[in-house]
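Use the sequences and the hints to build the structure in full.
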Amino acid sequence: MAVVTSLRESASLDAGRHSDESLVARLRDLGFVPGARCEVVARMWLGGDPIAVRIAGSTFALRRAEAAAVQVQMAPAQAAGRESLTQPGTSAAAA
Amino acid sequence: MDALVETRSLRVALVGVPNCGKTALFNRLTGSRQKVANYPGVTVERREGERIGDDGRVLRVLDLPGTYSLHPTTLDEAITRDVLLGRLAGVPAPELVVCVVDAVHLPIGLRLALEVKRLGLPMVLALNRMDVARRRGVGIRVEQLAAALGVPVVPTVAVRRGGADALIGILDPARWPQGAPVAAVGAQIGAAEAERLQHDMRALLAASGYSPPRDNPWFARIDALLLQPFAGLLALLAILFVMFQAVFSWAQAPMDWIEAGMAALGDLVATHMPPGPVADLLVQGVIGGAGTVLVFLPQIVILFFFILALEDSGYLPRAAYLLDRLMGFVGLSGRAFIPLLSSHACAIPGIMATRTIPNWRDRLTTIMIAPLMTCSARLPVYLLLIGALIPAHKVGPFNLQGLVMFILYAIGILSGVLVSFVVKQFGGARQYSPLMLELPDYQWPNAANLLLGLWERVKIFLSRVGGIILALMIVLWILSTWPAPPEGATGPAIQYSLAGRLGAMLEHVFAPLGFNWQISIALVPGLAAREVAVGALGTVYAMSAAGDDLAAQLQPVIAGSWSLATGLSLMAWYIFAPQCLSTLAVVKRETNSWRYPLIMAGYLFALAYLAAFITFRVASAWG
Amino acid sequence: MAQLLIVAIIGTWAALFAAWKLMPARSRLRLLLALDGWAAARPKLSAWRTRSLKPRIARAAGGGCDGCAAHDTAHRPR
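Chains as they are written, first to last, in my numbering: chain A, 4 to 98; chain B, 27 to 649; chain C, 78 to 155.
Check the hints yourself; a few may be wrong.
[As the list claims (entries may be wrong)] Simulated crosslink set (DSBU-like; lysine-lysine; CA at most 30 Å straight-line):
| no. | chain 1 | residue 1 | chain 2 | residue 2 |
| --- | --- | --- | --- | --- |
| 1 | B | 420 | C | 131 |
| 2 | B | 614 | C | 121 |
| 3 | B | 614 | C | 98 |
| 4 | B | 485 | C | 121 |
| 5 | C | 131 | C | 98 |
[As the list claims (entries may be wrong)] Here are some, though not all, of the chain A residues that point toward chain B, as calculated from beta-carbon distances under 10 Å:
| no. | residue |
| --- | --- |
| 6 | 26 |
| 7 | 28 |
| 8 | 32 |
| 9 | 33 |
| 10 | 34 |
| 11 | 44 |
| 12 | 45 |
| 13 | 46 |
| 14 | 48 |
| 15 | 53 |
| 16 | 60 |
| 17 | 63 |
| 18 | 64 |
| 19 | 74 |
| 20 | 77 |
Just so you know, these hints were derived from the structure itself, not from any lab. Backbone N, C-alpha and C define an ideal beta-carbon position, used for all residues, glycine too.
As C-alpha cells, then:
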C-alpha cells in the first residue's frame, strides 16, 4: 500500500516518447490524485510491464512509462521516501 | 405534423465513464436489443433509442461513448464531448443529460459529473448499480448528494426490470432550472481547474456521507491467478482452447438433427410437388444451398455464448493486459486486443471498435489485420472442410478436428502478428501511446443479457441465411441450370451452364492451388460473403451429380472427391482471402479513403494465393 | 412453361435483392433519396412514402454497416 504524493509532469516520461500532458490529466481523471492510496496488485513478466494498480476501488492496467509519472510514498510500515510507482523496491514491497 | 412531434419530444443523452452500466441502462430505457459488455470502449457507435415518457412525450435517448473526462484522448471520447457541446455536425446538443455514475465507484463518476454539470445543460444523475453498492457496503446519502450537487439524483439498477422507472419519471427539464452558463472547455485541463474539480469532488463525497466499497476478497484471489504472467497466459490459452473444443463436441447432436430435418424436407418437397424447374429450385437451390449453411447454427451459438460470457464477466480487458507486452513487440497496443477479439465474431464491429485506440498508426495497423482474424462467416467453411477431410481421432485428450480448428484460428492470429511486425519494421517511427485500461470488477454474466445477445446472433445468422444467402443461392442455381446441356451430352449438366463455363475459366487461375472447377464456381458468390461458398458448393454438387439426394450430404461427397491437399489449400485460401465486401466498405468509411481498402484487398489476395499455393504443393508432396 | 415463368420471377427478385444488400451503404442511401424525390411528385404514392420509404431512409442514413444486421436499428419504439 502506498499513498500518491504527486503527478510528475511530462519531464519524467521517457524523453521524446511522450510529450503529452493529456497523460497526466488522464491519470488524474482515473483517480491518481495526491492523497489517494494505491497498490500494485499484479505485474507482467520480470520487469513488470504493464502493471495492474488498484486505486480507489478500481483496478487499472498501466505501462511503466505511464506509472512512472505517479509519485508515491510508501505507507509508514514500509520504507519512507518519495519514489515512483515503478521503481523496484518500492513497488515490489507494495505488491 | 412534424412541428407537433418536435415539441412533444425530448433529446436525452446518456454520459458516463466506461463500465458504469450505461449501455445496460440504455437498454432498460429504450428496450432496444443490444449487447451489454463490460470492457472499456464497447460503445463506439452512435446509439439512439426512443421511448414514451410518463407524460406522453417521446424521449429520444442517445447513448454517448464512455469517457473519463471531457478532455478526450480517443476519437470516441472526443465524440462525447462534441455532442454535449453541440459541436458535432448533424447531432443537435441534448436538451437533457443523464449522467450515469456507478455507485460502487462513485468518485471516478462524480468527477465526470462535475465536469458535465459545468456545461450548464439540464442534468440528472443516475446512481447505477445501487444493488451491488449496497451489498458491498457503500454508504451514500442520496438526498444530501442531490442537494450538494444541485441536480436530481436517482438510484437505478439497470439490469433489473423496473430498475429505471424512477429515472423515467424525472426526465423533464421543466422541473429544474438551467445550470450555470457554459464553461469553456479547452483541449487540455489546466492544473488549477483540475485542483478545483478535485476539491469539489471531495466536498461532494463528504456531504453525501460516502464510504467506499469493501473489497471483494475473491476478486483479489482470482486476479492473483489470472493476472500472474505465466499462469495467466496459460489460463487465457486454456479458455480459448476449451472454447474451440466445445464448438465441436457440444454442437454435434443438434447439427445432426438439423441435417436430418433438411434431408426430410427435401424429400417431402420432391415427392409432393410436380417435377419441374420449380421443384428443382426448391430442393437443390433453396434447401440444398441455404440449408447447408443453416447446419452451422449450433456451432455459431456456442462460440458466441463463450465470447458474450467472457465480455460480461470482465475478463476481456485482463486478456488485453496479459497480451500488451507481447503485442507491443510487434507494434500493437494491448488495446488492440478487444477489437481483434471482436473480429473473431465479425471484422466489421472489430474495425469500428478500433476507434478506442488513440494512436492513428496503431489504429490503422489494427484495422489492416482485423480481417485476418477468423470471423464467424469462415466457420461454416472450416467446419465443412474439417468435418469432411479430417478424421475425428483422439489426440491425447483432444479431438483432432477441434485441434485443426484451433490451428486455423492460431494461423489467423499469427499472420496478423507477422503483418503488424512487418508494418512496424518498415512503417517508420511510431509515436508512443499509453495503455491505461480499466480492469473492471468481475461479475457473473447476466443470464438475461447473455440470452439477449445470443438471440441477436441467431437472428443475424438466420436473417443472412434467409436473406442474402438465399438470394445468391437462387441466382447461382439459375446460372448453373441454364443453358441446358445439348442433346447427347455426357458430363454433368452444370458444366454446360453459365456458371460451369465461368468456373472452367477460373479453374485456370486456381488450378495451381489445387482447386477444381466446383470450388472455383463456389468462390464467385463467396466473394460477396464468405459463408455463401458453402451453400454454393451444396448447390453445385447437388447438380453435378446425377439426381441423387446429395444436398444434405455434402461432407461425404467432398470426402470422396477432394484430396486432402485440396482441402487444406482451400482452408489456407480462406484464412487470408478478403472475401467480404462489407468489410472493405467499412474500412473505406473508417479511414475515409480508398487507399487502405485497396491496399488491404491487394495484400490479402496475394497472401491467400501464396499460402494456398504453398500448402497445396507441400501437402501434395507428402501425399 | 408456367414453371419457367415462376423461376424467372423468383430469379429476378433474388438478383435484385442480392444487389441491393451488397450495395455500399452510401449508394443505397443515394438510391433511396432519388426514389423519394421521384415519389414526392406522385400523390398516389404518398402513403407508401411515409409508411415504408421514410423509415428506410432514416435507417440507411443512420449509419451502420451494409449487410450486417448487428447494427440494424429497426426496432420500433415502445
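Query - Unsatisfied constraints (hint numbers, rising) - result: Those not satisfied are hints 1, 2, 4, 19, 20.
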